[in-house]
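Enquirer: Each chain, letter by letter, is given below.
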Amino acid sequence: MLARFVAAGRGLAAAHAAGLAHRDFKPANVLLDANGVLVADFGLAAPAADSGDRAPGARAASPGEASAIVGTPAYMAPEQAAGHVVDARADQHSFCISLWEGLHGERPTQAATGHASGDPGVPVVPADRRALPAGCSPTSPAASRQRASAAGPR
Amino acid sequence: MIGDVLGQGGMGWSTGPAIPSSTARWRLKVVAARGGRTRERLLAEARVLARGAPGDHPVYDVGPAADGVYIAMPLVEGGTLADCLAAGRRP
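As given, the protein sequences belong to chains A and B, one line each in that order. Once you know that position 7 of the first sequence is 7 in our numbering, the rest is easy, because the numbers rise by one and skip nothing. Once you know that position 13 of the second sequence is 167 in our numbering, the rest is easy, because the numbers rise by one and skip nothing.
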C-alpha cells in the first residue's frame, strides 16, 4: 500500500516538474494496473500560481486570473478551499490527506485540517494517531509542505 | 465511432473504448470549458500531459472539442487506490 503511495507521489512530482498542478489529487484519482500506478484525471488542473515563494516547477498564471474553487473538499488544502490560485503545494496537502487515510483507514478530522472538509461523515482520529512526518501535517503552512516535497521519496 | 458515455460530472464526460469491437483499449474524455481563455489554458495543459511523465496517466491526443477540450487516453481497468483502501478496511 505504501509503495503505491510512493509511486503516486512520484507521478505527482513529475507533473509538478512539468509545471502542472493537479488540484484534485485523491486515492480515487490514482489508477492501478498491471504495470504500476498512474496518477489520472488532471482535468481540473490549472496553471500553478505565480508567487514569491514559487514551488519547484511552478509557472505563472495569467495576470489577474481568478480561480474557481474546484476539487474535492475532503482532500482540499485551506488555500484552495478559500478560492486562492493554487500550486503544487495544494497537491501536497491532498497527498498528505490521502496518505493519512491510507495509514489510518480514515481521513483526518475537520479540527485537524483547520477548515471545513464538507464531509460530515469524517470520523474522529484519536489524538495518539495524529502524528505524521514533519512537513506533512494537514495543518502545516504551504511553505513547509514545499519542503516536504523537496525531501520526498527518491 | 465513439463508445458509451462512462461518466459525466461537473468537469465534462468520458466514454468507453472508441471502437468497442476492437482490441484498442482507450477512452475519450471531454473537459468542459466555458470561455476561450479557459479552453486555451486546458489545451495547453493537456499538451503538457501528452508529452508524458513517468507515473502519470498517458495521454494519446488532445484537441479542441465543441464544448471544451478532448483528451484521448488508454483505458486503465485495474481499479483505483481508493478501491484498494476500501478493500483493506473490510473485515
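These are calculated hints, taken from the structure and not from any lab test. A quick note: this is a predicted structure, and the numbers were derived from the prediction, not measured. Beta carbons are placed, not taken as given, at the ideal position from N, Cα and C, and that holds for glycine. You may find that some hints are simply not true.
Simulated restraints on C-beta separations [claimed, not checked]:
id : chain 1 : residue 1 : chain 2 : residue 2 : range
1  : A       : H104      : B       : A204      : 35 to 45 Å
2  : A       : A18       : B       : D221      : 20 to 30 Å
3  : A       : M1        : B       : G189      : 37 to 47 Å
4  : A       : T109      : B       : A240      : 37 to 47 Å
5  : B       : D215      : A       : D33       : 18 to 28 Å
6  : B       : R205      : A       : V70       : 15 to 25 Å
Enquirer: Can you let me know if the beta-carbon spacing of M1 (chain A) and G189 (chain B) is within 37 to 47 Å?
Expert: Hint holds: Cβ distance 41 Å, inside 37 to 47 Å.
Enquirer: In this structure, is the beta-carbon distance linking T109 (chain A) and A240 (chain B) contained in 37 to 47 Å?
Expert: violated (20 Å)
Enquirer: Can you tell me whether the CB distance of A18 (chain A) to D221 (chain B) sits inside 20 to 30 Å?
Expert: Holds - the Cβ-Cβ distance for A18 (chain A) and D221 (chain B), about 26 Å, lies within 20 to 30 Å.
Enquirer: Does the beta carbon distance between R205 (chain B) and V70 (chain A) stay inside 15 to 25 Å, or does it fall outside?
Expert: For R205 (chain B) and V70 (chain A) the Cβ distance comes to about 23 Å; the hint holds.
Enquirer: Lying within 35 to 45 Å: is that true of the beta-carbon distance H104 (chain A) to A204 (chain B)?
Expert: Given about 36 Å between the Cβ atoms, the range holds.
Enquirer: In this structure, is the beta-carbon distance linking D215 (chain B) and D33 (chain A) contained in 18 to 28 Å?
Expert: holds (20 Å)
Of the numbered hints listed earlier, the single one contradicted by the structure is hint 4.
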